[in-house]
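Asker: Below, each chain spelled out in residue letters.
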Amino acid sequence: MKVKGKVIKYGGDVNTDVIIPARYLNTADEKELALHCMEDLDRDFQKKLRGGDIIAAGKNFGCGSSREHAPIAIKASGVACVIAVDFARIFYRNAINIGLPILECPKAANECDEGDEIEIDFESGAIHNVTKGKLYKSMPFPGFIRDIVKKGGLMKIAKEFDGGAGK
Amino acid sequence: MSMTMTQEIIAEHCGGGEVKAGEIVLADVDVILANDITAPVSIRELERHGINKVHDADKIALVMDHFVPCKDIKAAQQCLEVRRFAREHKIKNFFDAGDMGIEHALLPEKGIVGSGDLVVGADSHTCTYGAMGAFSTGMGSTDIAFAMATGKTWLKVPSAIRFVLKNKPAEWIGGKDIILYIIGKIGVDGAGYKSMEFCGDGVSHLSMDDRFTIANMAIEAGAKNGIFETDEKTAEYESGIRARTVERKIGAGALYEAEYEIDLSALRTVVSKPHSPENVCFTDELDETAVDQVVIGSCTNGRLSDLEIAAKVFEGRRVHENCRAIIIPATQKIYLDALKSGAIETFINAGCVVSTPTCGPCLGGHMGILAKGERAVSTTNRNFVGRMGHPESEVYLAGPAVAAASAIEGKIVPPEKVMGGYEK
Ligand code: SF4
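Protein chains in written order, with the working numbering: chain A, 1 to 167; chain V, 1 to 424.
Take the hints with a grain of salt, since some may be wrong.
A partial selection of chain V residues facing chain A, derived with a Cβ cut-off under 7 Å [as the list claims (entries may be wrong)]:
#1 Ile37
#2 Val41
#3 Glu45
#4 Ala75
#5 Gly386
Here are some chain A residues the structure puts well away from chain V; computed CB gaps all over 10 Å [said to hold, decoys possible]:
#6 Lys4
#7 Lys6
#8 Leu49
#9 Ala80
#10 Asn94
#11 Gly133
#12 Lys156
List of simulated lysine-lysine pairs, DSSO-like, C-alpha gap at most 27 Å [said to hold, decoys possible]:
#13 Lys156(V) x Lys150(A)
#14 Lys74(V) x Lys156(V)
#15 Lys340(V) x Lys151(A)
#16 Lys110(V) x Lys150(A)
#17 Lys71(V) x Lys31(A)
#18 Lys159(A) x Lys107(A)
No wet-lab data here; the hints were simulated from the structure. All residues carry an ideal CB built from backbone N, CA and C; glycine is no exception.
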């Protein structure tokens, strides 16, 4: 699968409280969550969205609270992929589990600017900054995680268990 | 054996043998936790995939604590959803308004989690139980749905950093000062994906409450978990509420990525300035920082000894006229014990608000939201932008002694300023 979109750029240590403030966690409705995505970090986030956007960020993206509402809000905002220097542990799991595409690539994340056009090939992990004419390769996922992604999320695997996730 | 304490527990939960850092394993889980915010997402995941049976209802604990007693209609709907799920699946460890408390104070107190356990929770501060020598870590709601359905979880075996705590801390130094000091030193991603393992003679001087505070904030250094060696205090805490205490010590050959030695006797009280827990300084380095609100509570510092330290400072004094102080015991039992000890009376006489147990203002939920431009000193664990209210409000993190002293002075001060012995 390939996607192409424009970069919305942030710094390091973006925490899940600014991705989706707790005052909106009285719902799990993804459309409602999307309306408040990034609100406390970037008032203009909603205006910047064009569909299929790429968020590029620094280290430790998604640190803090375990709220899965954070990747859910990003995904429901129409963001096609988050590229970061690296991700906080729980956010990483959550994104994989719910099928929000994420890639770790310090160079691609650091060297792009707001508004750059980026093309991503998820098969090969190649990141092409079209605006700057640069090509990067993201860190490949470990086998087990590739499996989750391929099967379409963690819960698909749950159903394969004997005696546990019965019908 | 070269395994860390965390690795030993993981190995015991996936068939014995040895596990290595970086390896991905499927481990059996002892306790699975979710709350009023995260459980609804897990429940919907189960339903969406047509899974209408849980693997073992007795391993699941559901605690309604974040927005409870429900702050609005939407929060009430979410609780209703969880209440129905708990009834349908006969989940006995379901805690609602009335017998609930903040999850990470409640589960140890009820004996639901303890030494040697492998615990996963849809809440990042699930790492708190490491204080008792458990491996416990926070995850998202889908991970928790998976664990509910299968009794298992997938884990990347973490490497670890060892923290050797030395000597006895001075009078006003508590768990909060120690962990904030450490986070200030290593940064909010200083232990990213790793375990923080605590040992050393200094541990024996720390109460279980201090250890809970320290393990609680391991996540604020990016850690997967924090864990303490067990000792007589662990056994004493668990006696009567758990069948046994699993002894856990760092083995002679255990491999660590790094080691820090912390001299507890050299510490002074610290605060963490906005808007990151790593933004740490000594309390006496701040000058005339006025405070509008003080919050003493949360899964970090809402336990009995925290309240008693605060009561000692408030005794016979008044909250400053420009400041509000909100006290939230973390569980009903703590609330009752603080009533009996006289701490609650002290708070009310000092002009504090005392609330029923709830997460409340810690995450900007209810019971003490900050207005634009307001500043709080809070014994909670996060001071991110907007965490406690308006995005232009500020939160300073501190232990209960500093928080109480600051409420009395109306500005951030070390407890010695109020209690005597202050020199600058
Ligand atoms: S007290 Fe605060 S940090 Fe602890 S569980 Fe509640 S919201 Fe989370």
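Asker: Compare the structure with each hint and give your call.
Answerer: Here is what the structure says about each hint:
no.: 1; hint: Ile37; result: 5 Å, holds
no.: 2; hint: Val41; result: 5 Å, holds
no.: 3; hint: Glu45; result: 6 Å, holds
no.: 4; hint: Ala75; result: 4 Å, holds
no.: 5; hint: Gly386; result: 4 Å, holds
no.: 6; hint: Lys4; result: 28 Å, holds
no.: 7; hint: Lys6; result: 25 Å, holds
no.: 8; hint: Leu49; result: 20 Å, holds
no.: 9; hint: Ala80; result: 20 Å, holds
no.: 10; hint: Asn94; result: 4 Å, violated
no.: 11; hint: Gly133; result: 32 Å, holds
no.: 12; hint: Lys156; result: 7 Å, violated
no.: 13; hint: Lys156(V) x Lys150(A); result: 19 Å, holds
no.: 14; hint: Lys74(V) x Lys156(V); result: 36 Å, violated
no.: 15; hint: Lys340(V) x Lys151(A); result: 56 Å, violated
no.: 16; hint: Lys110(V) x Lys150(A); result: 41 Å, violated
no.: 17; hint: Lys71(V) x Lys31(A); result: 22 Å, holds
no.: 18; hint: Lys159(A) x Lys107(A); result: 38 Å, violated
Consistency note: the structure conflicts with the earlier hints numbered 10, 12, 14, 15, 16, 18.
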